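Trainee: Quick mapping for you: the protein sequence lines, in order, are chains A and B.
Letter by letter, the first sequence follows residues 1 to 141 of the working numbering.
Letter by letter, the second sequence follows residues 1 to 116 of the working numbering.
Everything labelled a hint here was simulated from the structure, so no lab data went into it.
Keep in mind that a hint or two might mislead.
[What the hints assert, rightly or not] Cβ-Cβ distance ranges computed for the label pairs, FRET-style:
no.	chain 1	residue 1	chain 2	residue 2	range
1	A	Glu26	B	Ser82	49 to 59 angstroms
2	B	Gly9	A	Glu70	48 to 58 angstroms
3	B	Gln85	A	Gly29	39 to 49 angstroms
4	B	Ala26	A	Ala28	41 to 51 angstroms
5	B	Lys72	A	Glu120	12 to 22 angstroms
6	B	Thr102	A	Ala117	41 to 51 angstroms
7	B	Gln92	A	Asp32	48 to 58 angstroms
8	A	Phe116	B	Glu7	39 to 49 angstroms
9	B	Glu51	A	Ile2	21 to 31 angstroms
10	B	Glu51	A	Glu3	20 to 30 angstroms
11	B	Gln111	A	Ile2	36 to 46 angstroms
12	B	Thr27	A	Glu16	15 to 25 angstroms
13	B	Glu104	A	Ala117	14 to 24 angstroms
14	A	Glu3	B	Arg71	16 to 26 angstroms
Fair warning: this is a prediction, and the values are worked out from it, not measured in the lab.
C-beta atoms are modelled at their ideal positions from N, C-alpha and C, and glycine is treated no differently.
The primary structure of each chain is shown beneath.
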Amino acid sequence: MIERFTYPSTLEAERELVQVLTERLEAAGVDDTTTRRFLLIVSEVFTNAVIHGNKSDANRKIEVRFAINEERITADIIDQGHGGLERIQRRPQADSMSEGGRGIDIVCHCASNVEFAEAEHGGLIVSVSLDISEKMKEICE
Amino acid sequence: MEIVTKESGEVSVMELRGRLDLASGATLKEEIKNLFEKERTSIHLNLSRVEFINSSGLGALVSIMKEVRLRKGRLTLSDLASYVQEIFDITQLSHIFEIFNTEEEAVNSYQTVQAG
């Protein structure tokens, strides 16, 4: 089942989303390591959507589609900005002393799969998934 | 995020509790700025009770390090939980920051540097 949430483009909304997803993952019995990793991924993508996608305009919304099954956790995060796909493709690499620019790299490292696409209205869709069994195997090792 | 500050000789030790993100990172930068105004530039951050950190929180730490270096001071970190250490490793910031296993080791290192 896919759950859909809609948030304003604020950092308070990011915290609210993380809280909601924490409850969902706890209820599903997901281990702490996987939970932390997934929340980090979602936090990074949502923060990017607020700041870079929707330019912190609280009137612009961010839609989150969340699903979990025995094998993986997935989320689609969709902003209402413009040119997001191009921005992702042309993003500069963060150097060691940069204060920003590390979010997408963290997402790509932590997630099992990441896909970027342009929404019909021009916003950016970031689809992330985290394979539960893969991470659980790492923990058992 | 809650910030508990104490003085250990010349070193200002701050224990961070909770989330380190964009909003709390800004709060932390303000607290550090207050230390600068008191001419305290030897700063240690104990991260043992950081429950969550994202790239915005890391950005705040990089910003603080740059400010400390501008003032010829020193910034150290300690007690990183494994999930926090992992994020430092992913972003290669482990090589940029001085990271100690414990607060005691970090604080002692200031005395060693001064004695040397």
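Trainee: For which of the previously enumerated hints does the structure constitute a violation, in increasing order of number?
Mentor: Going through the list in order, the structure violates hints 1, 3, 4, 5, 7, 11, 13, 14 and respects the others.
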